[in-house]
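Listed here are the chains, written in short residue letters.
Number of protein chains: 2
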Amino acid sequence: MKKLKRSARLVEMTQYLLIRPHTLIPLTTFADRYNSAKSSISEDLAIIKEVFEAEGLGDLQTLAGAAGGVKFIPRVPKEASLRFVDGICRQLEQPERVLPGGYLYMSDIIGQPLVLNEVGKTFASAFAGKDIDCVITVETKGIPIAYATASYLNLPVVIVRRDNKVTEGSVVSINYVSGSNKRIQTMSLARRALKEESKVLIVDDFMRVGGTIHGMIDLLAEFKATVKGVGVFVESGEVEEHLVEDYISLAKLSGVDAKTRQVTVVPGNYFN
Amino acid sequence: MKKLKRSARLVEMTQYLLIRPHTLIPLTTFADRYNSAKSSISEDLAIIKEVFEAEGLGDLQTLAGAAGGVKFIPRVPKEASLRFVDGICRQLEQPERVLPGGYLYMSDIIGQPLVLNEVGKTFASAFAGKDIDCVITVETKGIPIAYATASYLNLPVVIVRRDNKVTEGSVVSINYVSGSNKRIQTMSLARRALKEESKVLIVDDFMRVGGTIHGMIDLLAEFKATVKGVGVFVESGEVEEHLVEDYISLAKLSGVDAKTRQVTVVPGNYFN
Chain E
1 MKKLKRSARL
11 VEMTQYLLIR
21 PHTLIPLTTF
31 ADRYNSAKSS
41 ISEDLAIIKE
51 VFEAEGLGDL
61 QTLAGAAGGV
71 KFIPRVPKEA
81 SLRFVDGICR
91 QLEQPERVLP
101 GGYLYMSDII
111 GQPLVLNEVG
121 KTFASAFAGK
131 DIDCVITVET
141 KGIPIAYATA
151 SYLNLPVVIV
161 RRDNKVTEGS
171 VVSINYVSGS
181 NKRIQTMSLA
191 RRALKEESKV
201 LIVDDFMRVG
211 GTIHGMIDLL
221 AEFKATVKGV
231 GVFVESGEVE
241 EHLVEDYISL
251 AKLSGVDAKT
261 RQVTVVPGNY
271 FN
Chain P
1 MKKLKRSARL
11 VEMTQYLLIR
21 PHTLIPLTTF
31 ADRYNSAKSS
41 ISEDLAIIKE
51 VFEAEGLGDL
61 QTLAGAAGGV
71 KFIPRVPKEA
81 SLRFVDGICR
91 QLEQPERVLP
101 GGYLYMSDII
111 GQPLVLNEVG
121 KTFASAFAGK
131 DIDCVITVET
141 KGIPIAYATA
151 SYLNLPVVIV
161 RRDNKVTEGS
171 VVSINYVSGS
181 NKRIQTMSLA
191 RRALKEESKV
201 LIVDDFMRVG
211 GTIHGMIDLL
221 AEFKATVKGV
231 GVFVESGEVE
241 EHLVEDYISL
251 AKLSGVDAKT
261 RQVTVVPGNY
271 FN
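Those protein sequences? They're chains E and P, same order as listed. Counting from 1, one number per residue, gives the positions in the first sequence under the UniProt record's numbering. Counting from 1, one number per residue, gives the positions in the second sequence under the UniProt record's numbering.
So here's chain E without its partners, still in its complex pose (with noise of 0.2 angstroms):
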């Protein structure tokens, strides 16, 4: 590549850093590609540093010696977080949203690509401490916050189905009791979808009692997996106890009136 002014190589280096989180890039690399001089990167990398910190867009984390280089980690400062979740709650709160049997109807939010970026940037900075080899959903609902949150921690998605389709090979099946209606139900996971002993985090979009999770935590077993972690994008307010206990929440829902149809949505526990 021809040699690049400072300006123009500092919104490359931006948008080759921000495509690439999680990613350790050796300072070579920005040097051979802009032919610049290992010191002009550094001082480049220090201008983006300090914006990226003060946009609350993540750290560049700057690793010294051979093996070196620079890593983004994205990481939204949570009053950020915050602000982004308490304008959800609002959204969900709206009466029309409300749906007989007292669910809510919150696909069309799920379904915009704003709101998901988000919810991945959130999830990946609750987690990015963690050694995590895969995100893990089920489908469908999850699918969507599955892959936000890996596209910012750089891993791969993993997807449990409730059936057993044909195009998969062989695959582990289990049955689980939902929590919400007491039906027993199957989730399978391919077997070659998820090496042994991976490192998974879990997340999905609702969380009842917690019986999907449960579920998939006694899926993963069979593939001697351990869970780093459990999101939900929101919970039931309205359960007196969960199957499972350590999870993070973006959202609660505390109460759905079918028959006024008044909804109460607070932030989740990652705000406590």
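Since the hints were made in silico from the structure, they are not lab data. Treat the hints loosely; a few may be bogus.
The list makes no distinction among identical chains, and a pair is therefore deemed to hold if it is satisfied within one copy or across any two copies.
Unchecked claim - Once the Cα atoms are required to be at most 25 angstroms apart in a straight line, the calculated BS3-like pairs of lysine-lysine come out as:
hint	residue 1	residue 2
1	Lys-5	Lys-224
2	Lys-5	Lys-49
3	Lys-49	Lys-3
Keeping the supplied structure of chain E fixed, place chain P upon it in accordance with the hints.
Frame of chain E, contents of chain P only:
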């Protein structure tokens, strides 16, 4: 915000634009944000535009006048997409992917955020000129591809379900014949998930005969929707005639021999 130097402003504006594709940003937004003259902002944008074009990230469109501003349109050059797809083809040809029935295991590939980013950028480039309201897919494996595409187009995602979930309110269901195994199947879409007369882009991971996508088109007719495009990640080339004629594919499976485990995958019709 305090007045920023040009170098910091460039980093800031680059990240601001990248996370807001297809969004018109008035120059005054930047001028106010950085407490800078519009003329300085225009100079910054010219630098960013040059780098974005040189890097194959996309166009920075400037609209003059009172309602004017700047808009980032992600657009990857076809040669870059082709280099990426060539790599995917080689991965798909690995013999261990062949499953009983001549299916091909590709969940691990779709599970990689970096792969999804490229797929999403490519579809977003292919359909950037169309006037689209939302991206639509059917669960399960099309979902991540739909979100990746939607995030580069700044559009919401709508998911067609293969069952009829109580948590979605009233739904429209249709029966369709899956082309691959001739079974009658059901797909459903919540009434409130899609406004009538929407202009939609259909996205899916795999198309054999096209029965599923044909079913989606039938279902969308119930919502008076207009299909503005169809994009599939991989199409099967073993089919004489597709039920869907107008589509873009990124890769084409031209032969799977379940016995010898030999697979041939070539770039799709997008590159013709």
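These are the hints, each one checked on the structure:
1. Lys-5 <-> Lys-224: neither (51 angstroms within a copy, 52 angstroms between copies)
2. Lys-5 <-> Lys-49: both (19 angstroms within a copy, 14 angstroms between copies)
3. Lys-49 <-> Lys-3: The answer is both: 22 angstroms in one copy and 17 angstroms across copies each meet 25 angstroms.
In this structure, the one hint that does not hold is number 1.
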